[in-house]
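K.L.:
Using the hints provided, position chains B and C relative to the given structure of chain A.
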Amino acid sequence: MTDYHVLYKRHLSYWLRQLRRNADLIGPLRSLEGDIIFSSIENIHEIELDCPASIPSPKEFIFPQKEEMYRFSDKGVAILSNSRKRIIFGVRSCDISSIALLDRFYGGLYEDNFYVNRRKNTVFISIACNNPDPTCFCLGLGTGPFLDAGFDIQLTDIGDRYLVQVGSCEGNNSIKGLKHIFMRPQKTDYDEQYEANLSSQSRFEKRITLDNVRQKMLEGRVDDSFWESVALRCFECGGCVYECPLCTCFNVVDWKESEDRGVRMRIWDTCMFKGFTKMAGNVLPAGKKILRTKRWYFHKLLYYPEQFGKFGCVGCGRCTITCPGRIDMATIANKLD
Amino acid sequence: MAGLASAFGSGAMTNSISEISDARVVFVIGSNTTEQHPMIGMHMLDAVDKGATLIVADPRRTQIAKFAQIHLSHKSGTDVALLNGIMNVIINEGLVDIPFVKRRTENFDEFEKIVKEYSPGVAEKITGVPASEIKRVARIYAAEKRSMLFYSMGITQHITGVDNVRSCANLVMLTAHIGQPMSGLNPLRGQNNVQGACDMGALPDVFSGYQRVSDPKARRKFGHAWGKKLPAGAGMTMIEMFDAARAGGIKAMYIMGENPVISDPDTSRLIEAVNKLDFLVVQDIFMSDTAELADVVLPAVTFAEKDGTFTNTERRVQKIRKIIRPLYGALPDWKIISELSKRLGYDMQYRGPHEIMEEIALLTPSYGGILHHRLDRFGLQWPCPDINHEGTPFLHRKKFAKGLGTFNPVEFIPPAENVDEEYPFILTTGRLYFRYHTGTMCKRTSTLEREEPECFVEINPKDADKLGIKTRSRVKVRSRRGEITVNTLVTDKTPEGIVFIPFHFREAAVNLITNPAVDPVAKIPEFKVCAVSIAPVMQNPGERQKSCYDRKNDIKALLELYEEPKA
Amino acid sequence: MKKNNAGYPKDLYLPLKAKILDVVAMTSDVKLFRLEKPEGFHYSPGQFIMVSVWGAGEVPISIASTPGIHDVMDVCIRKVGHVTSVLHELKHGDHLWIRGPLGNGFPFEDASGRDMLFVAGGIGIAPLRSLVNFVVNRKDKFGKIALIYGSRNPSEVLFMKDVLFWIEKGVEVTLTIDVKCDGWEHCAGLVTEHLDKQKISFKTGYSYICGPHVMISASMRDLSLMGMPAENIITTIEAHMKCGVGKCGHCYIDGKYVCTDGPIFSYAEIKKIGIAGP
Chain A
1 MTDYHVLYKR HLSYWLRQLR RNADLIGPLR SLEGDIIFSS IENIHEIELD CPASIPSPKE
61 FIFPQKEEMY RFSDKGVAIL SNSRKRIIFG VRSCDISSIA LLDRFYGGLY EDNFYVNRRK
121 NTVFISIACN NPDPTCFCLG LGTGPFLDAG FDIQLTDIGD RYLVQVGSCE GNNSIKGLKH
181 IFMRPQKTDY DEQYEANLSS QSRFEKRITL DNVRQKMLEG RVDDSFWESV ALRCFECGGC
241 VYECPLCTCF NVVDWKESED RGVRMRIWDT CMFKGFTKMA GNVLPAGKKI LRTKRWYFHK
301 LLYYPEQFGK FGCVGCGRCT ITCPGRIDMA TIANKLD
Chain B
1 MAGLASAFGS GAMTNSISEI SDARVVFVIG SNTTEQHPMI GMHMLDAVDK GATLIVADPR
61 RTQIAKFAQI HLSHKSGTDV ALLNGIMNVI INEGLVDIPF VKRRTENFDE FEKIVKEYSP
121 GVAEKITGVP ASEIKRVARI YAAEKRSMLF YSMGITQHIT GVDNVRSCAN LVMLTAHIGQ
181 PMSGLNPLRG QNNVQGACDM GALPDVFSGY QRVSDPKARR KFGHAWGKKL PAGAGMTMIE
241 MFDAARAGGI KAMYIMGENP VISDPDTSRL IEAVNKLDFL VVQDIFMSDT AELADVVLPA
301 VTFAEKDGTF TNTERRVQKI RKIIRPLYGA LPDWKIISEL SKRLGYDMQY RGPHEIMEEI
361 ALLTPSYGGI LHHRLDRFGL QWPCPDINHE GTPFLHRKKF AKGLGTFNPV EFIPPAENVD
421 EEYPFILTTG RLYFRYHTGT MCKRTSTLER EEPECFVEIN PKDADKLGIK TRSRVKVRSR
481 RGEITVNTLV TDKTPEGIVF IPFHFREAAV NLITNPAVDP VAKIPEFKVC AVSIAPVMQN
541 PGERQKSCYD RKNDIKALLE LYEEPKA
Chain C
1 MKKNNAGYPK DLYLPLKAKI LDVVAMTSDV KLFRLEKPEG FHYSPGQFIM VSVWGAGEVP
61 ISIASTPGIH DVMDVCIRKV GHVTSVLHEL KHGDHLWIRG PLGNGFPFED ASGRDMLFVA
121 GGIGIAPLRS LVNFVVNRKD KFGKIALIYG SRNPSEVLFM KDVLFWIEKG VEVTLTIDVK
181 CDGWEHCAGL VTEHLDKQKI SFKTGYSYIC GPHVMISASM RDLSLMGMPA ENIITTIEAH
241 MKCGVGKCGH CYIDGKYVCT DGPIFSYAEI KKIGIAGP
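Chains as they are written, first to last, in the working numbering: chain A, 1 to 337; chain B, 1 to 567; chain C, 1 to 278.
So that you can see chain A by itself, here it is in the shape it has in the complex:
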């Protein structure tokens, strides 16, 4: 189901103020140094409506960098859960695509209650990307710049107004009772959205093809010397994993506040560190950097498609922006293809 509406830009802040009544409103802000970060919105006019990719990705709102799970003491154990209602505004199409995959990963047979709890209380409002960054390559992966489905609400900037697509019940709830600002679209509105989509697609500087990647990896046709050259440039900072909207690994840590009480929490972890797979007695199954680099790409480009039918990369370009060794996912994917 997709419902279409038109929202004039002058009505945007009114709408967001309505939304803020029942939930925390989170959106992209520009920091003093120029970085884009998602944060709680104090002043609605500070929201960046057309900005480059945020670092880190908005996955931190449903899978936080540090999540307290249980509080323990000599008296017992309490489950810490967060069920604050949140609306995250201004998310990009690639991030929406990644969240759809995260939902499948954390759901399933073993349902991750912490994730699900946060997820069901969060509504994402995305803005389709009219101006992709030079590092973006979602086009080749089908995860952007415009989405056909999978969003709660998608806005498309068409001049002085947005074409609003509502794709879920949560999305519908967010515009309920606001008929006076969400108007019926005209044919020209659809046309303009189509134009915007086409023009955005033509603006991608990076293009990737992934037609043969899986077959080549599966048949072992990728030479180890290729991975060696990638691993050589890896500084082992783990930035690619932390910033990736699809990386889900975590470590579980107990933090003792005093002798008899503390918190068990999970924190983001990265498979780029050799200790990630370390077993009892200091045995390192992935001691070599080449194994770890290779595994990351195999997971994203081969095993993800096997498990979920989609590549484990949404083309947001954050790993490329972050990498001090200038390792670029798009270049690697193209070289593999």
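Mixed in with the good hints, there may be bad ones.
To spell it out: a stretch of chain C is covered by chain A in this simulated footprint if at least three of its residues, at any positions, have a beta carbon under 8 Å from a beta carbon of chain A; those stretches are [unchecked claim]:
1. 61 to 74
2. 254 to 261
Computed footprint of chain A on chain C, listed as stretches where at least three residues anywhere in the stretch have a Cβ under 8 Å from a Cβ of chain A [what the hints assert, rightly or not]:
3. 12 to 23
4. 142 to 156
The hints are simulated quantities; they were obtained by calculation from the structure and are not laboratory data. We put the CB at the ideal spot given by N, CA and C, even for glycine.
P.N.:
Here is chains B and C on its own, set in the frame of chain A:
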């Protein structure tokens, strides 16, 4: 810093980080840049991608060395001979920038006399680097206009540390690779605010901005500002202070944000000195190993809990902002010092770090225009003499800070300790990527702690074969001062005859065995060279390897083994 | 492959409290913990649990007892790291926290009527004990049963009582230690040296291998060379784990999660996913 000061008049990176990617030659000596300064390493790789020639001089085959077109694997402690050899070639082949040397430097003739003796052949004998490679590096480095030279602790932590730095300075002056963008001499500082601490006069003989204590004018200025008469004599360096404490000359000590029990050489002597003190105060953000020995511990706040500035390696003064509320009882450093001063009878009245910054600007010419409100976006690079100045991306443009640059003739002096029958290996120490210094902070981060929980010794496969040891076998590393037991890591990263041990570990504190001999000027200890022997620890068949993972293993227990110094 | 999510539908990572009924020091660094089985806790041989101590952490430990035979639950824990060191301090009457059962468990339905060879090294005997007891109890359903059990030295042989019981029940047991020593009347040498002496049918039989990584890969290779089909060579894979339910990613190897797709794999699977190679 003493080495650079005597050559140029000030000690800091002469270029900016952003210039690196446009250099044509990047010469790195004694720095494991991609691991220890990854952001600078990133710019170096960019330069390489743009076609620059990367030259790395390091005994170990570090990650940055793998990108180098030329890797000079010289013997530890022979940096002077290597650099003199390179300069010998430059002089002999007429690659000297004569106008520069004539107009902007002094003492060239004295210097030339010494360098003449280090023909590539002589240098080869001392350093183990082939003469042809030395010639090649000299030609490449001298021929290109945009050549940058980088060094780090691999140059300074020797008894000849100052000599090493002087040699580097000689090299850049000889080829006029200074005072231009993308052309200069760049010491990479090991910690986020070492540059700032030095700038602020956290050295025994200078006020802020390297104004000498011995200069009566500087003394008068500061004395006037603070309303006190200031002593003219230089203070002691850290090593001298501990020596004095051991001899009974110093009775009380106040240590701020340092953990010398782990980081300084010859730990057992150091603890002896600390135990002789009547009173020890330690100010730190965590209960460090040194703090555990203190009579009073003053809890300080972390970087995220305070406002202020850090000065990074490219002389950029950057603002830090408080983002979390400090824990109960912890105070920012400036507050602790002010309060202490008040109780000692000198009333320091600052309402915040911005007021201190104003005083710094008033008294320090190079910080003259650096005030908090100007630092909001990207900070400012000193020298920044007045409020309208935009900062200085590269130093020594038209003249050196001290006027003429001075060539300091430097003779090669072998390391304080040499290998012999009994101690056949050279031990060099260094850092690990996942560890920061003595671990006061990073040991509290579970992920980092997981990465490198145990100390190890890196050894070349050929040496390992001779000794009959494999990776992860237990060995005793013994020096003239003590011994430690660690696991081995066999790797060709480390060349034959050299072994490497990271210094971060309390359980196997390598500084129990390193040499406390210091550079005669800068008093930096010789962490990088010390003679050791290696012997496998025999295990009974069928016995499982003991892990050295034992937190209860206390320094004191370690010390019982070394009651009688073996030297 | 069986998946079991019973016991805690509400919270995936919340462990249950279990009382320690007894602690037996088996060697200098291995202790056997006998736990009260929480209600509704059903497991099969080869499955594991996450054993947790609040304030120290969680570790995966295989279950050493046999469902249907033992009313209690045994876990055998070697002191190797921080959590296991804390566990070793616990005494009977104390509580620890468990989560599970997790993992797929040994496949044994296909082995009915066939010969079975168990190969254990060191503490690897613990998960196999669960299966051997299970099989010995239904001995008529299987063919010949043989066990090779290697230890470093005589003081490290675990579950001797069980071994004697199995011998009594007709299991062909070969005990071996690394280096021959006085007072040891059994075999010496590595377990792989005794594989070919087993009087079982290698062509149709099944083998279950558990122990150190090097021993596992050598045994798998040798058995395969002796003609045992790769599908019939079963082993457990040890991996670093934090969640046990396929989320944390630590045990992820080439598209498989050891915790949910394993920890029991056949040699055929291992070769396919390439996790055997050193």
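K.L.:
If a hint holds in the structure, say so; if it does not, say that too.
P.N.:
Going down the list of hints, with the structure as the test:
1. 61 to 74: violated (count 0)
2. 254 to 261: holds (count 3)
3. 12 to 23: Result for this restraint: holds, n = 3.
4. 142 to 156: Since three or more residues must qualify, the claim that chain A covers the stretch 142 to 156 of chain C is violated, with 0 doing so at under 8 Å.
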